[in-house]
Every structure is written in structure tokens, then in C-alpha cells.
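Number of protein chains: 2
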Amino acid sequence: MADELAFIQSLRALAPDPAARGLADDAAVLRIGEETLVLTKDMMVEGVHWLPEQSLADVAWKLLAVNLSDLAAKGAEPVGVLLGYMIGADDAAFLEGLQEALGTFDVPLLGGDTVSGEGPRTFSLTAIGRAPHSPVPSRRGAQVGDAVYLCGSAGGAMMGFEALARGGTADVTPFARPIALLAEGRALAPLVTAMMDVSDGLLLDAWRMAEASRVTLALDSRAVPLAAPEARRNDALRWGDDYALLFTAPADAQLPVTATRIGSVEPRGETPLRLDGEWHDGPRGLGYQH
Amino acid sequence: MADELAFIQSLRALAPDPAARGLADDAAVLRIGEETLVLTKDMMVEGVHWLPEQSLADVAWKLLAVNLSDLAAKGAEPVGVLLGYMIGADDAAFLEGLQEALGTFDVPLLGGDTVSGEGPRTFSLTAIGRAPHSPVPSRRGAQVGDAVYLCGSAGGAMMGFEALARGGTADVTPFARPIALLAEGRALAPLVTAMMDVSDGLLLDAWRMAEASRVTLALDSRAVPLAAPEARRNDALRWGDDYALLFTAPADAQLPVTATRIGSVEPRGETPLRLDGEWHDGPRGLGYQH
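For the protein sequence lines, the chains are S and G, in the order given. Here the first sequence stands for residues 1 to 290, where the numbers follow my numbering. Here the second sequence stands for residues 1 to 290, where the numbers follow my numbering.
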């Protein structure tokens, strides 16, 4: 079973509660007494998730930020994180970046585990959040007639990655030290019909939201706010790591945060995604599939 | 900073709340509304935490069991787990073992993350539990005059490991598929003064409990229930992976589960551990230090 998708599907079959969406959605939702908790877990692997040029301080930052971004998409405020850390070179840099990120996002380190190991290093982080608004947003609720919005932009991480990998003058920060839109997610949660963070590419994530919601998302590519040159628009829509919030809401909703309307929710047509009037016939080529 | 202990100490310094014991104790404790949650995270690395002879079904089982054992030591009942999984060979075996273990321990898989990677595989699991009894037991509460008890035995995992590694007729189950003493931990939580699970060796873990409680644990090595030949008693006391519960309680406490008295809590003497009347002068040689 070398196919990751097959593995994930088998894993999902192990989850007794179909509402336990952590393996399908990006976070698990857990009711504890009167509170709703959101739990996320993301791993990063050396040689896969970061460049050799990158400092482990940036890796630590990103490990935290990507997990907190999953909380943001649920409108949750972080309660704490657990770290799984493989000891090795540059531990001090990792610690420094972790400390900075914990301070910036105002979240405590609660615990974790350290291990020794040979070969590529693996780090893992679990974030626990508390969702003030229930039910928490998911990618499944987009309604026909809703507007599609993006809070944030596309392409900044792509430009940063290229500058790191190939040299250049672009700002590497959006790739190296992404920001989880926690306050935005909390403010949006009560009024969105569906929400997710854009981690694998705007078009791919839009495809997934449309699939989960059994609708079509009709997007206007020119409406998407770019953090890249206009000539790179097509690439930027397919690049991940920007951690913007993609959401749907009634077209007349008063938004509490700055967001850009990039399309509309339509009844399911030929496929889940229509871009500038063209049907896309599958998720391939829309983003980073892992 | 190649030294793991130094790294862990630096990590602890990042935790703003000294009561957040996840990096010192084996689990983090989190108050959520009226509920007390316990969170644990253990990683397992290929080439470090399992033998090449072992099936990934056993690895999956153990990954779950060791985390649940941390919950057991807190008197917590599992609410769910998140899996961090690196895709590779024998995924189907892993799934099978995971499913069996989830069923045996009656805990749902809530979510997680899968990654691709080269080289040795790393798996990580986060377990979330709910502790009915608060404050939850820790390793810090042993009181002078208490009795020291062991629920479970020592040496079974050692015998199983040796049978797997070198061949032999011993039962490999205690090593390959340990049992988390969840019901025992829950029953004990209201009456223990300190409790922890024995993961790194009985003597080493007793040393740690004594250090955390600022007392001396005086143990009678012959009193320890063995799951190994008598000739291996000294080894068994230093071998980990048995996941027995080590606890202290008032000497006249009525225990709700079967446990064996193995010593007494004394005022801090020369060192934290006195075994058969002899002072131990440091944790080296007492168990598996990682």
C-alpha cells in the first residue's frame, strides 16, 4: 500500500465517528463538557518540508504556524502545543525559532517528546485550540449562492521559496515564517458557511472545499490578491504555503476582516471547480498533492 | 547542543507555566472548563524504538499503548488519539495493528497527518485523555512514610525483547504488545500521592519519582514481582518497557487493585534511591536514559 491516499482512506475507515474529520479536514473537533476543542497535528520531514538552506529557527516557526493556521480555519484560539522533536544538529537554532514563534502567536508549549535518530529528521507538533464559536467551520458547508472569499493573498510563499532556493531579492519571510491568521479566523467563524486554510494551493484547496460541500466553486483568477508579479499569477494560484483563509459566506454578509471576493458558489456542475469559466477536470495540476 | 538533556531543559524553560509538566513529567495537564485533560505525545523511530524483526502491526500497537500508559498514570480515560505517520513499506500491517489496538483499548482515532520521507521512519502519536480525578497524580507527591507499590511486574518486556532479538521461547507479547493499565490507573488516582508508569526501568523511574518528590525511595529488590527468571532480577529492575504503574500511597490505604508493596518513602537521604539498604549515587546504570 505505497499509495498515500489509499493509506489515508484506510485510516479514515478506522475512525469510528464520521464527524471526526481530522484525517479528512485539517483538524479534529472534540466536545469536552461545555467546550469545543480543535486538535491538529502536522509533521515536517527533512528533505521534504524544508530546504537545506533554511535555518531550523525558521523550521520551528513554520511547524508552529502551519498547525496554528489549522486552528485559525476553525476559528479556534490556541491553548497550547506539544512538540515531537528529533535531536540533532542546530538544536539551539530550533529552540530560538520556537521561542520566537510561541511568543509571537502567544501560545504555551505544554509538553512533548524528544527522540534520538539517524538520518533525516522529523519534527511533529500537535496544537490544541478552543473554539468559541460552535459548530466550528469546516470545508463542507459552502452553500449555493454564497460568495467565495480569500483573507490573505497568494504567491508570497512561492516567491520566498524561489528566492531561498535560487537566490533573488524577493522577501523570503512569507515562505520561511508564515503567519497563522488566528484573529481573522476567530472573527470570521460565526458568519462563514465553510472555511479552510490554503496550505496546498488555492485552486487545489478550492477544489477540495467544493468537493466536500458538493457544490462548484466558480472562481475569477484575476480577482485573487497576489503577493507575486502579475506574470506569475497562474503559478501563484497553484502554489501552497500561503496560509490564507479561503471561505464562503452569504454574498451580503458584513465581513469583520479584510477579505477579497474571488468567486461564487454554484450548484455542482461538470466538476467541482470552474476557473474563469473553464471547467477543471481533476485536482491534478491545481496544487501540491501529498 | 548535542546533549538531549540540555535540549529538554531548554525546552522546559520555554514553557511559561511551571505546572505544564509535559516535558518533565510524561504528560501535560490542561484545565478546560470543568474538565481536566491530559495530553501525551510519544514518538517512535525506526532503528531506535523497534527491531527490524518486528512487524509494523506491533509497532502501531506499542505506539498507542505507550501513550495510553502515560494517561493511565494520570488516572485519565482516553478520549482520542492523533497519528503522525510516515508512509512507506508495510503500511497495511501498521493499519492492522493500529486497528486492533484502538479496539482493545477502546479509543477513537481522531485525526493526524501523513508525510512522505526518505530514510528511517518516524511515527508519532498524541493521546488526549480526560481525568475524572483532580488534581491528577504526578511524580512529585510522594510523602515520607508512604508505602511504594508496583501494579504490574518487571522483566516481561526484557524477556520478550531477547526472544525477538536472539531467538528463544519466551513470550514476546509483553515487549511487542504492552498493555496500558488504564482501569488500574483510574482506580488508583484518588488515593495515590504520586504515580508514574515504568517506561525506562523500575529503578530509574523510582529515582526520578524520588527526585521530583524530594524524598528517598527505599526499595526492596526481592519484593518486586518478576516476569523473568529469578537469575535475571537485577536486569529486570533496570529494563524498561513494562508499563507497570509505580505509585506511592499511605501505608494503610485500601488499594482497589492488585499491587505489590516494594518499599517505603523516607526523608531525602544521601541520594534519592536506596536499594536493599545501599545508596545509589546517580541515575546511570539504573535504566534506559534517553
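Be aware that a few hints might be false.
Said to hold, decoys possible - Between beta-carbon pairs, the in silico distance windows are:
id	chain 1	residue 1	chain 2	residue 2	range
1	G	253	S	106	41 to 49 Å
2	G	223	S	51	39 to 47 Å
3	S	51	G	269	49 to 57 Å
Unchecked claim - Short derived list, chain G residues pointing at chain S, Cβ under 10 Å:
id	residue
4	46
5	222
6	224
The hints are simulated quantities; they were obtained by calculation from the structure and are not laboratory data. Glycine included, every Cβ here is placed at the ideal spot set by N, Cα and C.
Verification of the supplied hints:
A hinted range of 41 to 49 Å holds for the C-beta pair residue 253 (chain G) and residue 106 (chain S), which are about 43 Å apart. For residue 223 (chain G) and residue 51 (chain S), the hinted distance range of 39 to 47 Å is not satisfied, since their beta carbons lie about 56 Å from each other. Against the hinted window of 49 to 57 Å, the Cβ-Cβ separation of residue 51 (chain S) and residue 269 (chain G) comes to about 54 Å, which satisfies the hint. Interface restraint check for residue 46 (chain G): the shortest CB-CB distance to chain S comes to about 8 Å, inside 10 Å, so the restraint holds.
The interface hint given for residue 222 (chain G) is broken, as the beta carbon of that residue sits about 34 Å from the closest beta carbon of chain S, more than 10 Å. At a threshold of 10 Å, the smallest CB-CB gap from residue 224 (chain G) to chain S is about 27 Å, leaving the interface hint violated.
Against the hints set out earlier in the document, violations occur for numbers 2, 5, 6.
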